[in-house]
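Engineer: These are the residues of each chain, in order.
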Amino acid sequence: MDWMLIAELAVNGVFVGLMYALVSLGMVLIYKTSGIANLAQGAIAMTGGYVAWVLLAGLGAPVWLAIPGALVGMFAFGMLIERVALRRMIGQPVIMTIMLTLGIEIMLRGLLPGVFGASVKRLDIGIPQAPLFVADLLINRATLIGGGISLVLIVASLIFFNSRFGVVMRAVADDQTASWSVGIRVERAIAVAWGLGAVAATAAGILWGSTQGVDWSLSLLLIKALAIAILGGLDSIGGVLIAGVIVGVAESLATGVVDPLVGGGTRDIVAAVIILATLLFKPHGLFGREHIERV
Amino acid sequence: MFYRRAGLRHTRYQDERQLFPLAFDRGLVLTVLAFLIAAPLLLDRLWLTGYLLPWLIWTSAALGLNLLMGWAGQIHLGYGAVMGIGAYAGVHLVRFGVPLEIAMIAGGIMSAGIGTVFGAAALRMKGIYLAMATLAMQFIVDFVISHNAAISGGTLATLQVPAVRFLGVPLTSDWATYYFALFVCFVITLFMLNVKRTSFGRALAALREKDYAAQILGVSTFRYKLMAFWVSSFIGGVVGTVLAVAYLRAVSPDQFHLELSIQILAMIIVGGLGSVLGPFFGTALILFAPIVLNNLLGSVAATFGLDLPIDMRAHLPLLAYGLLVIGFLLYEPLGLAKLYANFRNYMLVWPFRHAQR
Chain A
1 MDWMLIAELA VNGVFVGLMY ALVSLGMVLI YKTSGIANLA QGAIAMTGGY VAWVLLAGLG
61 APVWLAIPGA LVGMFAFGML IERVALRRMI GQPVIMTIML TLGIEIMLRG LLPGVFGASV
121 KRLDIGIPQA PLFVADLLIN RATLIGGGIS LVLIVASLIF FNSRFGVVMR AVADDQTASW
181 SVGIRVERAI AVAWGLGAVA ATAAGILWGS TQGVDWSLSL LLIKALAIAI LGGLDSIGGV
241 LIAGVIVGVA ESLATGVVDP LVGGGTRDIV AAVIILATLL FKPHGLFGRE HIERV
Chain B
296 MFYRRAGLRH TRYQDERQLF PLAFDRGLVL TVLAFLIAAP LLLDRLWLTG YLLPWLIWTS
356 AALGLNLLMG WAGQIHLGYG AVMGIGAYAG VHLVRFGVPL EIAMIAGGIM SAGIGTVFGA
416 AALRMKGIYL AMATLAMQFI VDFVISHNAA ISGGTLATLQ VPAVRFLGVP LTSDWATYYF
476 ALFVCFVITL FMLNVKRTSF GRALAALREK DYAAQILGVS TFRYKLMAFW VSSFIGGVVG
536 TVLAVAYLRA VSPDQFHLEL SIQILAMIIV GGLGSVLGPF FGTALILFAP IVLNNLLGSV
596 AATFGLDLPI DMRAHLPLLA YGLLVIGFLL YEPLGLAKLY ANFRNYMLVW PFRHAQR
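These protein sequences, in sequence, are chains A and B.
Per my numbering, residue 1 is the first one in the first sequence, and the count goes up by one each step.
Per my numbering, residue 296 is the first one in the second sequence, and the count goes up by one each step.
Next up, chain B with everything else stripped away, as it sits in the complex (with noise of 0.2 Å):
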């Protein structure tokens, strides 16, 4: 009823190729866009700050590691260590006076060359010998950043980043930066969404399901993996750039521990792998439920006269990420975009469920 498709006739082969085929679709995207853009003025400080901004952050870096993850079915453990690196190398950039919008690539160059050495021992292994090399990779990266005194600045310094300019406009009030972090995650999904009807998108399908067929089909598979890897370093570097200057605005190397690397996979699982949807709801769930689980458990603690030992909320975060995670991947492994994907469906033809098929 609501996303109606009764009337729609393509008549062009653009018209059948376009994003959103459904005008209903359109209308969604837009709504949400418009609330987006209009956000500053509608939220306070606070939400605008504090939820809607790692919202944007965190799903860009998702949607990256969801190219290579989703799409190209390559395991990474170490993605934070590919942001660590985009952020050293963009933040030492803007301390030596080079403009943001050239630092945040180079973070990302740099990201993407150190980031396909990763994907070189992706083109000897896969499965479980690749994420146990990813994973050495995020020890060995985080090693280096945090005993460089010249990366770093000493093993527990924090790099502070100047004031910063992006595209003439200053990054110091709460609505730059904002829309800042829109700009950069509304690029990445863009970016995203059309990956998947290029050769390139479609090289990496190919890879997914079986890298030896691909090969047999005449995709190059030493190609394409190191082109996936490459893309997605590239996105988490230039993320890793707008962490540190939007919202970290210090770098210190533990930010970019294998926390941040487990937190980032946790959102692709819960959202949905190699779905464009999922890493937003993803985000979503990954960064608020530890939040709404920790007020809700404390109200409750406050109304029952309970006393709610500290470190149990201090842990809560990780035992909520942990069965979001086991959760997710025993009865919906395909996550939250999946079961959005099941409603839409339903909701196709409400309430004339006769109609499917």
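Okay, chain A solo, but in the shape it has when bound (with noise of 0.2 Å):
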């Protein structure tokens, strides 16, 4: 076995993790404010980079304008999704909200590659390709840069959630009924939170989609970002942090070393392993909160 290749396997992976990460950060924002989780989310991604490929492709506007422009047009996507769809669906049983956000999944997956054309979409923004070299190891250069954003973005939605609204968001996620008592607009903060859910899914989708190119495989993204979330527990997000890095290193080995020994395949399993693995052995993951049920 040779050293060299590990390493270089796990840095990577780190990065590629880092990425992931950011996909399950929008879930975990929306899980602790609303205690639903998106399944949509991966499909979310996917929307935001096609969105991107609109703006930059379609109408040609420059770099700067079209990645903002996203950010903005996807965060009132996220609150519209809110509004129209999983507002009506307070109180109603949790089965009913999965299959909702599983219904949009689907919606959205035949919707976008149905009126863009299924086709592998190219996003170029900017990011150069070729490979860096740090001593002997061989550092892709996209997902370098894509990791340190996502790190940058995780990072600031800890931040966020220090600051006078991320209290506030805090406070519904402890208890929706108390903190309607004390006159904050829980709908609102919901909201907020599906429309940065949005956004995180729409940064990874322009990420992902400027390294593989933007089509429907995008939202297969949805299963490692569940693994992240529920390895670093469902409403955390220090946990995103150092569970994505977990599932990249993880899945990276996993391609590198277990791939030439059972013929390949290996690296769409390990995020199902994980999340099996983790609700068998710690259902509320690394840095979750025990949820206590009364009867």
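Quick caveat, the hints were computed from the structure, so don't treat them as lab data.
Do not rely on the hints blindly, as some may be mistaken.
Here are the simulated SDA-like pairs of lysine to any residue, each with C-alpha atoms no more than 20 Å apart in a straight line [stated by the list, open to error]: (1) K121/A to V249/A; (2) K282/A to L418/B; (3) K633/B to Q92/A; (4) K121/A to D606/B.
It should be emphasised that the depicted structure is a prediction, and the values quoted were computed from it without experimental measurement.
Since each chain sits alone in its own frame, please combine them into the complex, following the hints.
Structural biologist: Have a look at this one:
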């Protein structure tokens, strides 16, 4: 076994994992405030990628305008989903809200490739693709930059939760009725959480779109994002960061080390195994809060 | 007026307990059954094998999932994998020369065994966590099937189903396969109609409403959660074998991916959770709405000279599923079965609406 190879896989895995973590950041934001697991997160990331592509390639906007434009547009889209669909489901059994987000996922996956064509769209936002050599390690420059941006955004959302509005959102997460009674507008906090979730997904969609192209397969980020969110604990932002690194490294090592032994394809299974193992041994994840149920 | 209740006096407990107390309901069910039995004579081959056969098979599967999701309230996002296990087990046994009747049951037991492992997850968690666990298992089962040459015969291989006989009848003609699927669907429907009235069905309902409360009342959640997964997975496995033998005739791993799970899930949501009638309606809508929509759009495009992109038409089924699921969850969470029940309640007293209450 070549130690250099393993080190290289691990380092690249860290950055890939951070890029995955960006998708699950939105999931955690939404779960934290409203207690809904958003299975449409992958599809929203895909939508963000498509929106950025339309602005860049379709309308010919420059990069500095197109990316903020996509982020703002998707913020509104996230709030729209909450307002039109999820708010009507308050008080319904959990099975219904899960199915609703899954329905949104299916719809978006049919709508966008249907409208814009199923072929892979090239999204060029000026990230150089040439590899970077640090000592003898070959590092993928695109994932390095993407992982860096993800890290900044996740840390920013940690800081955001200490701001005034962040405290409001934490109060809503803690107890909706109590925050209502002290005059917090709970609906608005949840809507903003959906908006921010969509923004995080869009950022991830753009970053992934620029490395692998924009098409429906961006919605497959859902399963990785789920693995990260569950491993880190569904309501912990710090957990996303650490779980993202773990999942990224595990996936990268599985591709490099286990694949030759079993004949390929382990990359797609790592996330599922991590989900299952976490749920069996520590259902609330590494940093999640234990949920106590009253009858 | 149609569903007349007037003059209906139950003088024995058996009368009151029967499945369809109203004479009109009995007549309706018998008419539909008679139509389904006579269908090979009435309809041409395309309708029989292209529409009725998949409708019966997918309905059977949806009924199995509905037992778990509608009755027991456990979320399962990996039902396609359960069917895949049954299909592969059944087809392998048939290829070994085991009679189809035994292979079906064995496929069901195989599915039930592995499916109950899915259920073991339900003992520890519920709600979203259970959804994720079953989703993860779907991916793991897919991976094991497609990467295990002993099961799938190689990554891109398909397994041919040999010529089989069911109860002495060779399943080669369209008629034979149709009646085979009809028989299986009939048995499963009968089971589902009756399960509600057994202690098992009532225990599942208690479990769905609140599992802790059920436990306090003396309903063993451990036992009944596992039993719900066992029975539902058994049905899934049997239907998987039927699907492989009667419809697909050659199985490959990609037929049992997440798409199948989502399709069946959409069927029971649109049809109505916890209803026997629902899956029949839901399957019809989910299977045929995309086809009808596609033909409609095609003809509209042709008459107005529009050029509809091929990608749009290819993605129409997904879009239709998504919109149907969202629409029903928002506006009629109990599905088409509830719409029918509303209509029936209205017709019970029509035209004397004041007689209601």
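Engineer: Check the structure against each numbered hint from earlier and tell me which ones fail, lowest number first.
Structural biologist: Hint 1 alone not satisfied by this model.
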